[in-house]
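Engineer: The lines below spell out each chain.
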Amino acid sequence: MKLTKKIFLTLLFPVLMFLAMWAITAANPACYVNGKFIFLGFDLVRFVILNACQSICVALAIWMQLKNGRFDFSNGAAMILTAIIAGNIGLRTGSPWLTLLVAVLCGIILCAITAAVYMLGRLPIVIATIGMTLLYESLTYLVFGGGGISNFYQNDTLSIFGHLPGIFFPTALAMGIFLFYSNCTVTGRKGKILANNQAAGVNIGIWEEANVSQTSMFCGAIVGLAATIYVSQNQVLPQSGLSTSGIMFSYIVPVYMGMFIGLASNDVIGISIAAIAMAIFNYGLNCMNLGGGGWQQIIMGVFVMCFYTFSAQLDNIKKAFRRLTKKEAVA
Amino acid sequence: MKSTKKVLALVLTLALVFALAAPTAMAKARTTKIGVGLYQDSGAAVTAVKSYLGSLEDALNVKFTYTVLSNTDEAQNITKVQELIAAGCDGIICTMDMGTEAILQECADAGVYLAGYLCDYDTSFRNNYDNVFKNEFFLGTVADGGCADEARRGYDFFDSVIEYNERTPDAPIRHVAMTVFPAFAFPYQQSFAAQFVEKVEEYNAANPDKAIEVDPLSDETDILMFRPMDSTYFSKHPGIDAIVSICSGSFVYPTMVSAGVSNTMKLFAAGYNDGDEAVFGSKGAYQMEIVSPVEAITYPLVLLLNKINGVEFPDQPAEAERRGSSVLLINSDEDLAKFQNSIYLSFKPEDAFLSPEDVVALTAYNNPDATYAGLVDVLAHMTIDDIK
Numbered sequence: 001m002k003l004t005k006k007i008f009l010t011l012l013f014p015v016l017m018f019l020a021m022w023a024i025t026a027a028n029p030a031c032y033v034n035g036k037f038i039f040l041g042f043d044l045v046r047f048v049i050l051n052a053c054q055s056i057c058v059a060l061a062i063w064m065q066l067k068n069g070r071f072d073f074s075n076g077a078a079m080i081l082t083a084i085i086a087g088n089i090g091l092r093t094g095s096p097w098l099t100l101l102v103a104v105l106c107g108i109i110l111c112a113i114t115a116a117v118y119m120l121g122r123l124p125i126v127i128a129t130i131g132m133t134l135l136y137e138s139l140t141y142l143v144f145g146g147g148g149i150s151n152f153y154q155n156d157t158l159s160i161f162g163h164l165p166g167i168f169f170p171t172a173l174a175m176g177i178f179l180f181y182s183n184c185t186v187t188g189r190k191g192k193i194l195a196n197n198q199a200a201g202v203n204i205g206i207w208e209e210a211n212v213s214q215t216s217m218f219c220g221a222i223v224g225l226a227a228t229i230y231v232s233q234n235q236v237l238p239q240s241g242l243s244t245s246g247i248m249f250s251y252i253v254p255v256y257m258g259m260f261i262g263l264a265s266n267d268v269i270g271i272s273i274a275a276i277a278m279a280i281f282n283y284g285l286n287c288m289n290l291g292g293g294g295w296q297q298i299i300m301g302v303f304v305m306c307f308y309t310f311s312a313q314l315d316n317i318k319k320a321f322r323r324l325t326k327k328e329a330v331a
Numbered sequence: 001m002k003s004t005k006k007v008l009a010l011v012l013t014l015a016l017v018f019a020l021a022a023p024t025a026m027a028k029a030r031t032t033k034i035g036v037g038l039y040q041d042s043g044a045a046v047t048a049v050k051s052y053l054g055s056l057e058d059a060l061n062v063k064f065t066y067t068v069l070s071n072t073d074e075a076q077n078i079t080k081v082q083e084l085i086a087a088g089c090d091g092i093i094c095t096m097d098m099g100t101e102a103i104l105q106e107c108a109d110a111g112v113y114l115a116g117y118l119c120d121y122d123t124s125f126r127n128n129y130d131n132v133f134k135n136e137f138f139l140g141t142v143a144d145g146g147c148a149d150e151a152r153r154g155y156d157f158f159d160s161v162i163e164y165n166e167r168t169p170d171a172p173i174r175h176v177a178m179t180v181f182p183a184f185a186f187p188y189q190q191s192f193a194a195q196f197v198e199k200v201e202e203y204n205a206a207n208p209d210k211a212i213e214v215d216p217l218s219d220e221t222d223i224l225m226f227r228p229m230d231s232t233y234f235s236k237h238p239g240i241d242a243i244v245s246i247c248s249g250s251f252v253y254p255t256m257v258s259a260g261v262s263n264t265m266k267l268f269a270a271g272y273n274d275g276d277e278a279v280f281g282s283k284g285a286y287q288m289e290i291v292s293p294v295e296a297i298t299y300p301l302v303l304l305l306n307k308i309n310g311v312e313f314p315d316q317p318a319e320a321e322r323r324g325s326s327v328l329l330i331n332s333d334e335d336l337a338k339f340q341n342s343i344y345l346s347f348k349p350e351d352a353f354l355s356p357e358d359v360v361a362l363t364a365y366n367n368p369d370a371t372y373a374g375l376v377d378v379l380a381h382m383t384i385d386d387i388k
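Just so you know, the sequences run in chain order A and B.
Residue numbers are given in this note's numbering: position 262 of the first sequence equals residue 262, and the series is strictly consecutive.
Residue numbers are given in this note's numbering: position 73 of the second sequence equals residue 73, and the series is strictly consecutive.
Don't read these hints as lab results, they were simulated from the structure.
Hints are not guaranteed to be accurate.
Unchecked claim - Stretches of chain A that chain B covers, calculated by requiring three or more beta carbons in the stretch to come under 8 Å of a beta carbon on chain B: (1) 28-41; (2) 44-53; (3) 153-159; (4) 233-246; (5) 278-291.
Treat the numbers as computed from the prediction; the structure is a model and nothing was measured.
Even glycine gets a Cβ: it sits at the ideal position worked out from N, Cα and C.
Okay, chain B solo, but in the shape it has when bound (with noise of 0.2 Å):
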């Protein structure tokens, strides 16, 4: 009996060591959690980015988890930032400059690192630079089209306006109005349609027969507060061939369908919707729309990851940076069939601009080659010409 107690003895304190050391002999490179913070929940653009991401997990050790950011709440980024936190992340990609300063507190005090995408983070930048782009937490970001007053839409606007009247010689637009979110929230969409009237000044001064009238920008009817377009700015209007969106192009189509205008009107918009390729081109309205593609994400991605590894660029810059990304310009039946085999209508991760082995490669900890001037030049090729 003795003899049995001690045998069972023996085996229970084997069987604990054995399940204590089991876990450090059986142990993995911990797997890195980044938090993404997104700009809304759902739609094309963020099943995409799901997609992208969900691609590089096993080549990069990686898990990601999702949360929504607000535009107008900064109590409520800081809450998400937190609940990110709490969830262990290791890094996190944010989508917007709100609540930025409080939230690198909240990341300084947990260790975990922040990096900008499709964000230029411009009010930090110039507002409070010191204590964003300087903070060893914030390690940049990326914006869609360029930063700030870098980004040139307005002349996107212009050429797809000349392209189209070059296309269809017959039915030329020569009558123009445009729309704009307000600038509180938008604060250059104003300045790219300044940019666009400029080009269309200079082309009517060289052109004089086939000028384009343009509706000067208006306070009270062109500023569209975050709600559809009201069916009187075609009132407001007269005589228009097309309206130049600067804002999202699904504020303004829906108006347009019920106004009975959208199988006469042009509509060059900035913003893809899913579905929008139905009446794209020379099957409807829609003549020109601008995506920012997903694979931008790679910039901040890489930075984090790197700066969890504890390895730099050899190049990296003393401070943070933001850069812009180039975007998918659509403005012809060509270019809407090579844009429905990117990742943002297929949401095949095989059909991004990036394999899981092209990120691997652009990173620092991976690659001993790997360069800060490599990882930028990436962005510079994400245009609709660039996909395969």
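Chain A with its partners taken away, still in its complex shape (with noise of 0.2 Å):
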């Protein structure tokens, strides 16, 4: 494919939203105040940025366990416990430096000591990390006093990892590495053999346990950066009942959606791109004060539907499409 063939194919998805969204509420009353149209304008510009590059850290951790053929539920909850761990050190050292690369180390070992009940365990990974999950949110409510932190957010020394243009670099950063061990490490290559199929992995003669510990520490270098723009930019709150679960899957869209575009580029570009279309998505909603409630859910499921039923039945839509073709030109 060439080079402007890919490009095109993967810009294609984000600027075709910004249109529909543009058109959409440009029709709606409710996007002009004093008749000014508030689609456009620098507020859009930082909404996608800051709402894509949360989700660009999440989705990228989720994806490297995913892509080496495993669920991780436990992310969630780490990420959580990372964002208070880290978030309370800076807070008193006043250091978002030191912030950023205690969310790192913590992110990698409680990613691996995941990893590390799972192997030793030998227990299925939907047991080993839901049980993972739930340690952690437990200790939630243990560390620091089980305040969790609420004023870090608040210290615009301190949350330049959350705001504008600091939260590029740990977005950067996490790209970085996840391309860095899929494409430069063994193990990151080996993965896909294991995702396709494990036994026949393994059998061939792939360790998994390498690639299980490996995943694990690069994936939990991600995890600690997507803390350190959470805690940047939220509230974080002890949890329970595995709703980090529910905080994780929050940002599982740019996944799925992020392997079809990623077709056309690699699949770093395309949870990137997918993040950006769907916080433009998000923004169009806000726009006509649909952006919480029943119909938000509503929209993004049916629209998340709609998208991932295109992508699984591209090629027979494809052939249809050929058929029809043909039919038409022997007509």
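Taking the hints as your guide, dock the two standalone chains into a single complex.
Structural biologist: See below:
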């Protein structure tokens, strides 16, 4: 595929999304305040960047495990626990860079513990990661007095990685870590075989334990970067009852969309582009006062389901289209 | 050998008799167990409540057990109360009016008394008065800042905005927008907004040169569905100087920060969150916060303990009542300095409005002179100016 075609196909989805939301919001009276159209403006750019960067980091952490044949439910809990620990340490030391460093280290340690439990316990991945999710969630009630962290994001100096332009640093670092692991390490390259068929992969000599441990380390670093952005933008409260999985799943849409969009480039670009497009979509809904509540869920659910159906049936659609054009040519 | 056996048997018998008799001889007054169903399981308010109640345990010979109730799930609340009853609680303090009739049935079956805190039980008061407020197992409730439509919180917001303008004549607030929670969960917040608008209109009529513009409350943009305000709020309310957030500021302030307006726009909000003091008054956007005094829990606690001990106040009302407590209204740096000496921030029981001895003196079973009027009067003296 030519480079220009690759670029065109990659950018097609967010451009179409932007044009569609522009047209829809332009026709909606709620998007005009004192005669001014509110969809276009710097607020759109800021919203898209801040939301897309957070989505990209969490989505990459999810996709890194999925790409290697595992679904790690504990990523959300690890992110929240990391955010509380790193945020409190950052607050006490007054250093955003130390916050970032502690978050990355903490993310690596927590993901390594999960991997160790999975390997040593010989547990199914779902059981192991749900168990660790519950453990990490319970720890959020114990560390730093169980108060979570609510005033980190309020401090402009500390929360630089949650705002422009500082947010680009952890996001770019997360993308770099993902690309390095997937393309420059042996275990990263072999991961695809495990994802396709774990038993066959092990039988042809792939050492799964090396893959599990190394993937978890790199995934942990990305979780730490995601936690840095999260604590820089949000109040982080102790969580329970697998609610952290809900936080993690709220960022999963770009993962599946990114796999399809990434066919024209690679998965990192695909996920990033999908995150940007979904941020544009959400901003448009916000402008129309549909950004919260039931309608947002319905619109988002229907849109995502249509997108997945389209991407899953693309081959069949192409075949049907070819048949149709052939018939027209014969006629 | 025989005599040895006899001696052994005698020793064993004596030991048995002593073991049976000892608990009776050493018995002391049984510790009363009170269950407390809070609305969340962490945060400054919860820590302060636990610190305050913990300081009363020895003086009142009471042990407290905590749980968390739901403001949406009736079945969960019933289950939580069942758990407290099963844990041996003699009385329960609840912060939610959800599933109250069923909860009272559970309490009646177990002989356990119920009272309310931080909740005006308005749904039960309006729709189910006979089954709840006339129920012998329901002892009454205390709500922060007054019950239902008695509350005048909108006026507090107005007063704070005017005080701010008087303090900063060079940069007064001239344009305000509001936010509230939905009416199904907080039915009186919209009336507080109306109170605020009413006062502003009066003020504008009297001071046309200092008029304050208030954007009308919009159903679509200004009602926060328990999720953070979205950043388009500022585009939809262009030119505002401040937000009057009748709901918690924690749903508003993060968006102000991410939108980059926290250094220029002011926020008048209900509810205090950990760390707000760092961005309050002259240090940041927050210019007003309202905090519920944790010591107001003394009202349901004393009513429960009296009842459990079989004593009533001489002026005890025939039916359970709902009472409003004062609130801590913080709208200046001076207020914040005082607030930092309260149990709410220090978590030290000695900073509470009431000492354990004060609470003991409020109970009818410890103090024959104690009255219900005295207990109610205490609730009125928990303002920012009452902090020592």
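Engineer: What are the numbers of the hints the structure violates, in ascending order?
Structural biologist: none
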